[in-house]
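*Asks:* Could you put together the complete structure from these sequences and hints?
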Amino acid sequence: MMLINSGLKLNEEKLQMFENELKVKLPVDYKEFMLAHNGGMPEDDLMFNYHNSVNNKESRSLIQMFYIIYEEENYEIYNLKNICFTLWNDKALTKDYLAIAEDPAGNYVCISLNAETYGNIYFCNHEYEDAETGTLLMDKIASSFSEFLNLLYLDE
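Just so you know, numbering that gives the first Met the number 0 puts 107 at position 108 of the sequence shown, and the rest follows in order with no gaps.
Since the hints were derived computationally from the structure, they do not count as laboratory data. Cβ coordinates follow ideal geometry from the N, Cα and C atoms, glycine included. There could be a bad hint or two in this list.
[As the list claims (entries may be wrong)] When the alpha-carbon atoms are kept at most 16 Å apart in a straight line, the in silico EDC-like pairs for lysine to aspartate or glutamate are as follows:
hint, residue 1, residue 2
1, Lys-94, Glu-115
2, Lys-90, Asp-43
3, Lys-90, Glu-131
4, Lys-94, Glu-11
5, Lys-139, Glu-115
6, Lys-139, Glu-57
7, Lys-90, Asp-129
8, Lys-8, Glu-70
9, Lys-13, Glu-71
10, Lys-139, Asp-95
11, Lys-80, Asp-95
12, Lys-24, Asp-95
13, Lys-80, Glu-70
14, Lys-30, Glu-57
15, Lys-80, Asp-129
16, Lys-56, Asp-138
17, Lys-13, Glu-72
18, Lys-24, Glu-11
19, Lys-94, Glu-72
20, Lys-139, Glu-155
21, Lys-139, Glu-128
22, Lys-30, Glu-18
[To be verified] FRET-style restraints, in silico, Cβ to Cβ:
hint, residue 1, residue 2, range
23, Leu-153, Glu-20, 29 to 37 Å
24, Glu-115, Leu-153, 29 to 37 Å
25, Lys-80, His-125, 17 to 25 Å
26, Ala-104, Thr-134, 17 to 25 Å
*Replies:* Structure representation (structure tokens):
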């Protein structure tokens with residue numbers, strides 16, 4: 000996968016600082032991706048499928064951007080830290096989920112940090128809330144970030 004507009008190269012220390020600041024423990028496969036790429040926009044339209052619980056049908060979307068970890072405090076639109084804090088503060092996500100990417104419609108791709116579902120990848124629809132929790136409605140895409148990357152395919 001070729002990514003453009005990625006962030007500056009990360010090292011283990013910078014990634015650890017990010018984890019400490021957010022008080023999270025990132026899955027190893029996602030950390031490896033961030034160390035290799037630090038987010039970015041796929042050069043090609045990469046699609047993924049998921050089961051849409053709103054209409055109970057198979058759906059698909061594409062990755063517009065994987066969020067970036069910035070060294071300096073800034074307000075870039077694809078700033079992973081700022082996006083996570085905003086979603087947590089707005090109660091759109093609980094702190095055991097991290098938004099790691101988005102599609103062109105503004106929906107999120109999230110990774111679970113919850114002990115029971117650790118590393119699972121979810122499509123989080125920004126237009127629908129879970130009736131019980133009030134958080135964004137989530138539909139599982141994959142059991143790990145590596146599996147998610149393997150499920151991505153070119154839009155024909």
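*Asks:* Compare the structure with the hints numbered earlier in the document and write down the numbers of the violated ones, lowest to highest.
*Replies:* 2, 4, 14, 15, 19, 20
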